[in-house]
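**Student:** Given next are the chains, with one letter for each unit.
4 protein chains.
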Amino acid sequence: MSYNLLKGKKGIIFGALNEQSLAWKIAQRCSEEGAQLVLTNAPIALRMGEINKLSEETKSPVIPADVTSMDDLKKLFEDSVKHFGGGIDFILHSIGMSVNMRKGKHYTELDYGFTQKTLDISAISLHRVLRTAWEMDALNEGASVVALTYIAAQRVFPDYNEMADAKSLLESITRSFGYHYGVKKKVRVNTVSQSPTRTTAGSGVKGFDGFINYAEKMSPLGNASQEDCANYCVTLFSDLTKMVTMQNLFHDGGFSFTGVTNAVIEQMEK
Amino acid sequence: MSYNLLKGKKGIIFGALNEQSLAWKIAQRCSEEGAQLVLTNAPIALRMGEINKLSEETKSPVIPADVTSMDDLKKLFEDSVKHFGGGIDFILHSIGMSVNMRKGKHYTELDYGFTQKTLDISAISLHRVLRTAWEMDALNEGASVVALTYIAAQRVFPDYNEMADAKSLLESITRSFGYHYGVKKKVRVNTVSQSPTRTTAGSGVKGFDGFINYAEKMSPLGNASQEDCANYCVTLFSDLTKMVTMQNLFHDGGFSFTGVTNAVIEQMEK
Amino acid sequence: MSYNLLKGKKGIIFGALNEQSLAWKIAQRCSEEGAQLVLTNAPIALRMGEINKLSEETKSPVIPADVTSMDDLKKLFEDSVKHFGGGIDFILHSIGMSVNMRKGKHYTELDYGFTQKTLDISAISLHRVLRTAWEMDALNEGASVVALTYIAAQRVFPDYNEMADAKSLLESITRSFGYHYGVKKKVRVNTVSQSPTRTTAGSGVKGFDGFINYAEKMSPLGNASQEDCANYCVTLFSDLTKMVTMQNLFHDGGFSFTGVTNAVIEQMEK
Amino acid sequence: MSYNLLKGKKGIIFGALNEQSLAWKIAQRCSEEGAQLVLTNAPIALRMGEINKLSEETKSPVIPADVTSMDDLKKLFEDSVKHFGGGIDFILHSIGMSVNMRKGKHYTELDYGFTQKTLDISAISLHRVLRTAWEMDALNEGASVVALTYIAAQRVFPDYNEMADAKSLLESITRSFGYHYGVKKKVRVNTVSQSPTRTTAGSGVKGFDGFINYAEKMSPLGNASQEDCANYCVTLFSDLTKMVTMQNLFHDGGFSFTGVTNAVIEQMEK
Numbered sequence: 001m002s003y004n005l006l007k008g009k010k011g012i013i014f015g016a017l018n019e020q021s022l023a024w025k026i027a028q029r030c031s032e033e034g035a036q037l038v039l040t041n042a043p044i045a046l047r048m049g050e051i052n053k054l055s056e057e058t059k060s061p062v063i064p065a066d067v068t069s070m071d072d073l074k075k076l077f078e079d080s081v082k083h084f085g086g087g088i089d090f091i092l093h094s095i096g097m098s099v100n101m102r103k104g105k106h107y108t109e110l111d112y113g114f115t116q117k118t119l120d121i122s123a124i125s126l127h128r129v130l131r132t133a134w135e136m137d138a139l140n141e142g143a144s145v146v147a148l149t150y151i152a153a154q155r156v157f158p159d160y161n162e163m164a165d166a167k168s169l170l171e172s173i174t175r176s177f178g179y180h181y182g183v184k185k186k187v188r189v190n191t192v193s194q195s196p197t198r199t200t201a202g203s204g205v206k207g208f209d210g211f212i213n214y215a216e217k218m219s220p221l222g223n224a225s226q227e228d229c230a231n232y233c234v235t236l237f238s239d240l241t242k243m244v245t246m247q248n249l250f251h252d253g254g255f256s257f258t259g260v261t262n263a264v265i266e267q268m269e270k
Numbered sequence: 001m002s003y004n005l006l007k008g009k010k011g012i013i014f015g016a017l018n019e020q021s022l023a024w025k026i027a028q029r030c031s032e033e034g035a036q037l038v039l040t041n042a043p044i045a046l047r048m049g050e051i052n053k054l055s056e057e058t059k060s061p062v063i064p065a066d067v068t069s070m071d072d073l074k075k076l077f078e079d080s081v082k083h084f085g086g087g088i089d090f091i092l093h094s095i096g097m098s099v100n101m102r103k104g105k106h107y108t109e110l111d112y113g114f115t116q117k118t119l120d121i122s123a124i125s126l127h128r129v130l131r132t133a134w135e136m137d138a139l140n141e142g143a144s145v146v147a148l149t150y151i152a153a154q155r156v157f158p159d160y161n162e163m164a165d166a167k168s169l170l171e172s173i174t175r176s177f178g179y180h181y182g183v184k185k186k187v188r189v190n191t192v193s194q195s196p197t198r199t200t201a202g203s204g205v206k207g208f209d210g211f212i213n214y215a216e217k218m219s220p221l222g223n224a225s226q227e228d229c230a231n232y233c234v235t236l237f238s239d240l241t242k243m244v245t246m247q248n249l250f251h252d253g254g255f256s257f258t259g260v261t262n263a264v265i266e267q268m269e270k
Numbered sequence: 001m002s003y004n005l006l007k008g009k010k011g012i013i014f015g016a017l018n019e020q021s022l023a024w025k026i027a028q029r030c031s032e033e034g035a036q037l038v039l040t041n042a043p044i045a046l047r048m049g050e051i052n053k054l055s056e057e058t059k060s061p062v063i064p065a066d067v068t069s070m071d072d073l074k075k076l077f078e079d080s081v082k083h084f085g086g087g088i089d090f091i092l093h094s095i096g097m098s099v100n101m102r103k104g105k106h107y108t109e110l111d112y113g114f115t116q117k118t119l120d121i122s123a124i125s126l127h128r129v130l131r132t133a134w135e136m137d138a139l140n141e142g143a144s145v146v147a148l149t150y151i152a153a154q155r156v157f158p159d160y161n162e163m164a165d166a167k168s169l170l171e172s173i174t175r176s177f178g179y180h181y182g183v184k185k186k187v188r189v190n191t192v193s194q195s196p197t198r199t200t201a202g203s204g205v206k207g208f209d210g211f212i213n214y215a216e217k218m219s220p221l222g223n224a225s226q227e228d229c230a231n232y233c234v235t236l237f238s239d240l241t242k243m244v245t246m247q248n249l250f251h252d253g254g255f256s257f258t259g260v261t262n263a264v265i266e267q268m269e270k
Numbered sequence: 001m002s003y004n005l006l007k008g009k010k011g012i013i014f015g016a017l018n019e020q021s022l023a024w025k026i027a028q029r030c031s032e033e034g035a036q037l038v039l040t041n042a043p044i045a046l047r048m049g050e051i052n053k054l055s056e057e058t059k060s061p062v063i064p065a066d067v068t069s070m071d072d073l074k075k076l077f078e079d080s081v082k083h084f085g086g087g088i089d090f091i092l093h094s095i096g097m098s099v100n101m102r103k104g105k106h107y108t109e110l111d112y113g114f115t116q117k118t119l120d121i122s123a124i125s126l127h128r129v130l131r132t133a134w135e136m137d138a139l140n141e142g143a144s145v146v147a148l149t150y151i152a153a154q155r156v157f158p159d160y161n162e163m164a165d166a167k168s169l170l171e172s173i174t175r176s177f178g179y180h181y182g183v184k185k186k187v188r189v190n191t192v193s194q195s196p197t198r199t200t201a202g203s204g205v206k207g208f209d210g211f212i213n214y215a216e217k218m219s220p221l222g223n224a225s226q227e228d229c230a231n232y233c234v235t236l237f238s239d240l241t242k243m244v245t246m247q248n249l250f251h252d253g254g255f256s257f258t259g260v261t262n263a264v265i266e267q268m269e270k
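Protein chains in written order, with the working numbering: chain A, 1 to 270; chain B, 1 to 270; chain C, 1 to 270; chain D, 1 to 270.
Worth flagging that the hints you see were computed from the coordinates, not collected in a lab. Fair warning: there could be bad hints in the mix.
Put simply, identical chains are the same to the list, so a pair is met inside one copy or across any two.
[Said to hold, decoys possible] Derived DSS-like pairs (lysine-lysine); straight-line CA-CA distance at most 25 Å:
1. Lys-217 x Lys-242
2. Lys-59 x Lys-7
3. Lys-103 x Lys-59
4. Lys-117 x Lys-74
5. Lys-105 x Lys-74
6. Lys-185 x Lys-105
7. Lys-184 x Lys-217
8. Lys-217 x Lys-270
9. Lys-105 x Lys-75
10. Lys-270 x Lys-184
Just so it is clear, the structure is predicted and the values come from calculations on it, not from any experiment.
From just these sequences and the hints, can you work out the full model?
**Tutor:** Now the structure itself:
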């Protein structure tokens with residue numbers, strides 16, 4: 001299936017690790033819709049993952065970049081602009097890592113050095129990316145930036161740990177920078193708040209299976225899959241959504257506005 | 001316990017039916033805090049309920065009023081002002097009835113005549129009350145109006161039926177009239193979105209027990225009781241909250257900002 | 001420009017009056033994207049408007065229907081299904097009329113008979129439409145329903161009168177029926193909260209010019225136009241947004257998440 | 001005026017600098033309402049400010065603490081518990097500093113070292129405070145924690161710079177830790193989102209006068225003052241609000257739910 005919705009567009013995809021990654025699927029769909037891509041991830045993620053497969057499939061170069069390094073980001077954008085022979089039309093930010101979670105630290109016993117790292121990687125990285133593009137004037141008029149987030153930014157999911165706070169920060173940066181980039185060059189910046197999905201990142205969360213089942217039962221349409229998310233991001237990168245900015249868009253089968261379902265009530269009565 | 005927080009204040013309490021009623025408990029606490037009251041309810045509710053007990057206990061007259069009748073409301077305010085010998089300082093609106101629910105009509109098969117009645121009684125009644133006071137200039141400067149609502153106005157609880165829509169309408173009227181009355185006379189108008197409680201009204205809802213248990217497990221502090229609600233309303237009627245207006249205030253033990261709890265996840269894994 | 005995003009899809013468009021109408025532009029774009037349409041409006045609106053032009057241009061039949069009449073709606077769906085030779089894939093609900101505004105009644109002096117009519121036409125009509133489709137099983141699996149709304153449902157715009165309350169009710173019905181139709185047949189129901197536009201409906205609002213300028217200055221991307229809105233609705237009717245439901249989607253150039261702009265501050269300092 | 005609402009309660013007040021401070025006024029009102037207090041601030045703020053005056057007036061010891069130092073916080077809580085001869089009933093967190101703003105850095109050219117410091121002082125400090133109390137079990141059952149915030153956490157105010165992002169993070173930490181402390185010991189944690197006030201902190205913001213006038217015109221009740229804020233915080237520290245937690249409570253004269261006012265429209269038409 002292709003509508004050529006992104007024909008002629010050039011985009012940078014952050015965060016494709018392997019076939020389970022949301023970013024992987026999004027890159028595939030963008031490519032099918034006619035976009036040219038640059039793929040990027042942290043050097044260590046590139047070694048662990050299988051990105052070469054995606055690179056071949058989508059005919060996209062892979063440019064490593066540590067999102068906490070301004071030098072790396074500068075090089076990424078320079079090389080991308082050179083590769084594309086022009087400005088960039090869209091960016092996907094699919095980056096998140098809870099260092100405390102990895103190290104088994106509960107929310108009430110955070111290591112603040114880890115927290116700082118989590119915020120830097122998962123949230124401030126979006127500011128760094130946008131600011132690098134801003135300084136180089138690397139984005140085309142009306143370009144579209146999407147960052148992936150999760151509803152833990154609004155409501156507490158206890159096992160999501162300090163990543164909830166990181167996502168709140170990410171959504172605030174989306175609004176703040178979205179304002180300035182909108183005024184300057186009609187660039188739009190939004191977050192997509194996606195259903196939980198069985199990705200490598202997601203599976204690190206304690207009690208993830210119980211939780212994903214709960215989300216499935218609490219969503220009138222069920223959980224949105226990686227493929228669904230990719231389709232939705234394609235619309236946000238296209239020219240059909242030019243006036244949508246500074247929004248947090250729930251893509252979750254209705255979870256966010258469902259207080260309870262009959263399926264959950266039945267389970268509670270057991 | 002009394003702080004004399006409402007000493008010298010005069011208020012009208014809509015909706016006290018029996019000891020389980022939120023309005024009943026609120027009237028008691030307002031009285032304890034030094035307020036003088038007028039109690040009111042629909043003529044039929046007065047016959048069914050036990051309001052005389054509350055009337056004696058709080059030394060308050062009972063004035064019947066059908067909230068869908070402008071004549072009744074006019075008389076209520078006239079008699080209240082006469083009784084108090086002056087203007088009114090606060091109003092509690094605790095009125096709601098889902099006619100479709102009573103008649104066993106599912107949300108997808110509403111009787112629209114019933115729906116109109118539900119909206120009229122449960123939501124537009126707040127407009128009628130405020131407008132009657134507005135036209136008679138019956139509220140004192142800085143008076144406080146509180147209407148009770150439920151989170152179904154924001155998220156779907158399937159068995160709550162058309163009452164969810166009525167509560168959304170109620171909250172909108174709160175904001176709309178709150179704006180005008182704030183500009184005119186510094187009157188503040190807010191809704192309190194209360195935990196589910198075992199009242200006569202609540203117990204009419206299908207699957208209410210399963211639901212109230214779910215809400216209890218989803219609230220870090222548990223469900224708020226009638227007594228808790230009464231205490232909270234006292235603060236909103238007092239002079240300590242003069243700049244709070246047009247808000248929907250969740251009084252729910254944290255339910256509204258909790259995505260899931262460990263207690264619910266455990267139940268889902270059964 | 002056409003991506004064939006709606007190729008093979010069949011839709012019903014409510015509310016196209018003339019070339020300024022949002023619904024008019026949406027119908028044009030849906031047609032360009034390959035959809036077959038049925039156009040409908042109230043008999044009186046059909047006489048006043050210029051819908052025949054749109055009907056010819058998009059090769060769509062016009063079927064009159066008063067949205068407050070279940071008989072009319074039933075006939076509309078029966079005729080549409082017959083015309084299409086099958087089920088319906090999408091519906092646009094662009095219907096709103098403030099009777100009090102027309103009659104010059106201020107929000108504090110509403111005629112409640114008029115209010116009831118406003119709610120019936122502008123909000124409950126969505127329930128009637130969905131319920132008619134539900135009973136006839138006229139919507140295809142995964143069909144998409146969009147109703148147009150305005151941010152006055154969340155925040156007070158004083159001259160918007162009781163239409164603010166109607167839009168709150170509309171958005172609640174969107175969630176409530178969206179839940180049931182999602183569970184039953186994966187139908188998604190959303191509202192699009194659009195920038196103010198110079199339509200025949202909009203121009204009836206007092207102080208509309210001052211207001212539209214304010215909105216323009218408060219939106220980092222400026223106000224979204226009819227064309228922009230049409231493009232956005234196309235994405236919501238397409239298969240790329242199958243997991244978005246029960247949402248209120250702001251389509252407003254960033255107005256909704258902007259607290260103030262430098263342009264407005266400058267004006268305030270004059 | 002005193003209701004003895006906080007009689008017998010013990011609280012720690014962070015952030016009273018001088019008579020313009022919100023925390024100053026809040027400390028005065030808490031003292032009037034019968035609370036015993038410990039005052040604290042960063043050592044440098046203590047030198048610059050006039051806290052001794054407040055200390056004498058409220059008969060409260062001053063204990064210096066850098067909120068980014070776990071050792072300082074531990075000592076603060078130890079000394080406070082010793083001073084009070086028992087656990088703590090409430091905490092006010094009124095701490096915020098935008099390092100980039102002070103250094104004249106625009107949001108698009110943040111120094112990330114400064115940003116990290118801003119987040120640490122203005123947001124993560126709340127986690128440190130709560131975690132210190134948690135580890136020492138220093139809070140009494142049902143204790144109340146309030147942090148002051150601003151609506152820039154929800155909507156963009158361009159000159160508010162990275163402090164907007166810090167406030168979003170603060171509000172998320174409020175929810176996250178509020179969940180855990182609620183489950184453990186019925187402690188409630190909330191933010192109060194206050195009108196802009198002419199404090200020493202506020203006056204550092206560029207274009208503050210134009211902005212404060214805008215806020216005044218956009219609030220049906222006008223901007224809330226320091227005194228108003230103090231009164232509201234007293235209710236949140238009292239036993240009357242025991243079931244309110246994880247909320248962001250707007251205390252702003254209606255600003256947050258007002259889309260526009262006639263006063264602003266008139267100014268726009270000039």
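**Student:** Against this structure, judge whether each hint is valid.
**Tutor:** Verification of the supplied hints:
1. Lys-217 x Lys-242: Between copies, since 17 Å is at most 25 Å while 34 Å is not.
2. Lys-59 x Lys-7: within (15 Å within a copy, 29 Å between copies)
3. Lys-103 x Lys-59: neither (37 Å within a copy, 45 Å between copies)
4. Lys-117 x Lys-74: Classified as both; 20 Å inside a copy, 24 Å across copies.
5. Lys-105 x Lys-74: between (34 Å within a copy, 20 Å between copies)
6. Lys-185 x Lys-105: Between. Shortest inter-copy distance 21 Å satisfies the 25 Å Cα cut-off; intra-copy 42 Å does not.
7. Lys-184 x Lys-217: between (43 Å within a copy, 14 Å between copies)
8. Lys-217 x Lys-270: Intra 15 Å, inter 14 Å, cutoff 25 Å: intra and inter.
9. Lys-105 x Lys-75: between (35 Å within a copy, 24 Å between copies)
10. Lys-270 x Lys-184: Only across copies: Lys-270 and Lys-184 sit 24 Å apart there, 57 Å inside one copy, limit 25 Å.
Going down the numbered hints, you'll see the structure goes against just number 3.
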